[in-house]
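Visitor: The residues making up each chain are set out below.
There are 2 protein chains.
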Amino acid sequence: MTEKLSTETRKTLLAPLTDNGWELVEGRDAIRKTFKFGDFADAFGWMTRVAFWAEKWNHHPEWDNIYNTVNVVLTTHDVDGLSTLDVKLARKLDSLAG
Amino acid sequence: MTEKLSTETRKTLLAPLTDNGWELVEGRDAIRKTFKFGDFADAFGWMTRVAFWAEKWNHHPEWDNIYNTVNVVLTTHDVDGLSTLDVKLARKLDSLAG
Numbered sequence: 019m020t021e022k023l024s025t026e027t028r029k030t031l032l033a034p035l036t037d038n039g040w041e042l043v044e045g046r047d048a049i050r051k052t053f054k055f056g057d058f059a060d061a062f063g064w065m066t067r068v069a070f071w072a073e074k075w076n077h078h079p080e081w082d083n084i085y086n087t088v089n090v091v092l093t094t095h096d097v098d099g100l101s102t103l104d105v106k107l108a109r110k111l112d113s114l115a116g
Numbered sequence: 019m020t021e022k023l024s025t026e027t028r029k030t031l032l033a034p035l036t037d038n039g040w041e042l043v044e045g046r047d048a049i050r051k052t053f054k055f056g057d058f059a060d061a062f063g064w065m066t067r068v069a070f071w072a073e074k075w076n077h078h079p080e081w082d083n084i085y086n087t088v089n090v091v092l093t094t095h096d097v098d099g100l101s102t103l104d105v106k107l108a109r110k111l112d113s114l115a116g
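Chains A and B, in that order, are what the protein sequence lines are. Note that the numbering used here has the first sequence beginning at 19, numbered continuously upward. Note that the numbering used here has the second sequence beginning at 19, numbered continuously upward.
Hints in this document: simulated from the structure, not taken from any laboratory. Some clues are possibly wrong.
Because identical chains share one entry, a pair is satisfied inside a single copy or across any pair of copies.
Calculated cross-link-like contacts (lysine-lysine; reagent style DSBU-like; alpha-carbon spacing at most 30 Å) [stated by the list, open to error]:
# : residue 1 : residue 2
1 : K22       : K110
2 : K106      : K54
3 : K74       : K29
4 : K22       : K51
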């Protein structure tokens, strides 16, 4: 069962992400990051790898793409805020972006 | 050489698109449409097919995806407005969405 991040776990889990370029979205309990790639094929190739993990974990990003840029927002609709699923997916996105 | 749609060609070329759910974006010379699919895999599968055509034609959509929904905006940055490339890509998107 997915649960909203508690105040304590939030600090511990989000700190490495904010160190890595993630930031809190204003007015929503969500995090966001902009990923830049060499070109469209690189950007979409990364999105495709992300898509498989998102589907596997049944946890999907909100994202937009313009050419070589992908803006990602992560939140967990079921708990109306951030959960460990977002932390897990954020780490995966970073790792796939290498 | 890609050229901005002239006033005459614009009417002829855009009419079938607006009949098919495309609309002009306010404040920009661009068109947009929202595509809905059964689930994320369907939506992203369609995006992947679109991506190959976009890359082949070197003309890329601005798009966002949330689960089963994809919002697409088409415009031609090189001419700062709509060109025949947008019309061609819009038709392809519709045809791939079947």
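Visitor: When the structure is checked against the list of hints, which entries are broken? Sort them ascending.
Guide: Result: no hint breaks.
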